[in-house]
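Trainee: Sequence:
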Amino acid sequence: MESKLRIVTALESIANSLSTLAEDTKAKNRYKESLFVQIFIFILGIVVGCMLIQLGTDLWKWLIV
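Residue numbering for the sequence shown follows the working numbering, starting at 25 and increasing by one per position.
No lab work stands behind these hints: they were computed from the structure. Keep in mind that a hint or two might mislead.
To be verified - Here are the simulated distance ranges between beta carbons:
(1) E26 - F66: 57 to 65 Å
(2) R30 - F66: 52 to 60 Å
(3) T49 - I88: 53 to 61 Å
(4) N53 - W84: 45 to 53 Å
Being a predicted model, the structure only gives us computed values, none of them experimental. We put the beta carbon where it would ideally sit given N, CA and C, even for glycine.
Take these sequences, add in the hints, and give me the full structure.
Mentor: Structural data, given as structure tokens:
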């Protein structure tokens, strides 16, 4: 009877370890996805900023001439 209890305890421990590993992997994947989205938004912000500066300089030249 005691050996069955040990086996059950060992299987529960393995299941808990696998569950924790799966949760850690999901968290890492979410972090990577979040990082890629943040980098994309940052680059998009730079592009839009450059376009607005160019538009502003063109408008300024048009108003002066």
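Trainee: So, for every hint listed, does it hold in this structure?
Mentor: Each hint, compared with the structure:
1. Checked against the hint of 57 to 65 Å, the C-beta distance between E26 and F66 comes to roughly 60 Å, which is consistent with it.
2. For R30 paired with F66, a C-beta distance near 54 Å keeps the hint of 52 to 60 Å intact.
3. Restraint check, T49 to I88: a C-beta distance of roughly 59 Å satisfies the suggested window 53 to 61 Å.
4. Taking the beta carbon of each, N53 and W84 are about 47 Å apart, inside 45 to 53 Å as hinted.
In terms of the numbered hints stated before, the structure departs from none.
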